[in-house]
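Hey, can you work out the whole structure from these sequences and the hints?
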Amino acid sequence: MTADIAFQALGYGSVLYLISVGLSVTLGLMGFINLAHGIFAMIGGYLAAVAVAGWGVPWPAMLVLAPLATAALAAVLERTLFARLYGRSELDQVLFCIGIVFIAGALIRLGFGPTLQPMPLPPALRETVQVAGMGFYAYKLLVIGVGVATALALLFGLERTRAGAIIRAAVENRGMAESVGLRTGPIFTATFALGGALGALGGILGADVFGLNPAYALDVLVYIQIVVAIAGLGTLRGSFLAALLIGVIQTLSAYYVPEMGTILLFSVVFLLLLLRPRGLFGRV
Amino acid sequence: MGEEASPPGRFRREMARKHRFRLAEMLLPLALLAVPVLGPEYYALGTQAAIVALFVLSLDLLVGYAGVVTLGHGLFFGVGAYAAGIVSVRGWGEPLSGLAIGAACAAVCGAVLGAIVLRTARFTLLMLTLSAVFLGNAIANRASWLTGGVDGLVGVTTWPLLGRFEFDLFGRTGYAYAACVLVLVWFGLHWLVHAPFGQSVQGIRDNPDRAASLGMAVLPRQTLVFAISAGLAGLAGALQAEINQFAGLKDVSFEFSAEALVILALGGAGRLYGAVIGSAAYLIGQDVLAKDNPALWQLWLGVLIVAVVLFAPGGLLGLLDRARAR
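Sequence lines, in order, name chains C and D.
If you're matching positions, the first sequence starts at 1 in this note's numbering and goes up one per residue.
If you're matching positions, the second sequence starts at 285 in this note's numbering and goes up one per residue.
To be clear, the hints were calculated from the coordinates, so they are not data collected in a lab.
Where a beta carbon is used, it is the ideal one built from N, C-alpha and C, also for glycine.
Simulated DEER-style distance windows between Cβ atoms:
#, chain 1, residue 1, chain 2, residue 2, range
1, D, L317, C, N173, 55 to 61 Å
2, C, R160, D, Q570, 50 to 56 Å
3, D, W429, C, L116, 30 to 36 Å
4, D, V396, C, E172, 36 to 42 Å
5, C, S179, D, L594, 26 to 32 Å
6, D, V396, C, I5, 32 to 38 Å
7, D, E539, C, R160, 41 to 47 Å
8, D, E539, C, E172, 34 to 40 Å
Here it is in structure tokens:
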């Protein structure tokens, strides 16, 4: 039972981490409150579902192709639209994002209808795998694997590579980074695109938890905003732990007090933010 | 240099100029009078527009004048609606006291929540208000013995207004009632934002550090504005519950809160007419476009918001200003 709950929580947390990590980095980097980040998860999910069901593209291939396509789209959107909003008032940023979410949701609804879009999985993933005498759902194992691998890769990339050092410098002090000759514009675009790609990956993997529908962007929005708020801005470790914490709360309440789940989650979030306004792992 | 040119005199003249009665302020009552002329089939739309305008006005006070961006204002609308509705279900359907109860409950909630969330800023503040409205929605959903849960609060009865005017089937009394409340709040807010208190709140919005260094009690003033704004939102909610004789989960939702922000931005935040014009334009647009294809309406709305933010900050009224300045 305990192992089962831990397994579920880890799977849920992995999805949340993938979708929210891009938001956390862009928020820390550009100070831009991107309430529209969930559209990348939605776009990735729909791309994969449509390509697998309609065109017969293998699901594992879409796990790579959909994030790449989403990254390209995210880069274009950042250059043409989002970049105009950096440094604008909070109200403008919030409204702009609401508008983008409306547009994306409406387009999806016009194109694919208001109903739930099924995500066809390869049969091998729908089986139960025996590990150390316990049965695990293979799909969840994959989700956890991808989540943990991404977390480790990002941590390594950000702390041990040159590109990571540049991003950290830009987050720490944008003005200083610019005055030593770093061009922050392309850095912003690249991180935005990377965040979009990871969001798409999370959107594909999370399709079974949240259910692919035209309101997908809004459905995941609340949870990823919570993760980022609790973690604090721009901390990768924090994002992973916060995603895990939300996963644990959600899974535990689903097991023991299903009817109180939402109340419990938002009460905890409210209390945490009250006690630690900068998040659990944010720098003061 | 007479007394008139000295700063106190200038200040007095400036205040007098702001408080002066302007003909433009009669536009709202006149527009409200136009609905009965159009015909009884417009009462329902007019009532809805008046209620939404009231709600957006309350949001304008907080977002436009105090500069506090919230994603959870629907919480207070819902508290007002449920409070008035529950009192009525339990056997007290007098409309005016119902309004007062709804507004008071929402104002108390606003004072408590404001005192908590205003200690934070930006992203955290947004998240706290967002969590608050989701929490409110979950509680309203869960406490079905009190609120009716998913089905909504049914069995609300509203007694005749002032003991004389029945709420009729055509919605004439309902419309007149909503219009009167809106006009009263409208003039009240007009007075408030030009009063010293309203001016100081705008000063805090423009430069909180400077306001604090001038000796202004920043947090208490913002909390008071938060409570007033919440109370007015509750008033709008109570009004809706009494006229529609129903309160539902939609009244206390993030979607409704976001919708109100959108309406405010379309009209123009930080000015009272923005809230009213935005509400009218939004509801008419929705009435005309959303009937056939809600997705298409959502698409155009999204495009419109993005265009307003990028090209016309200040909304419809901002455009009007710029056209006039040219």
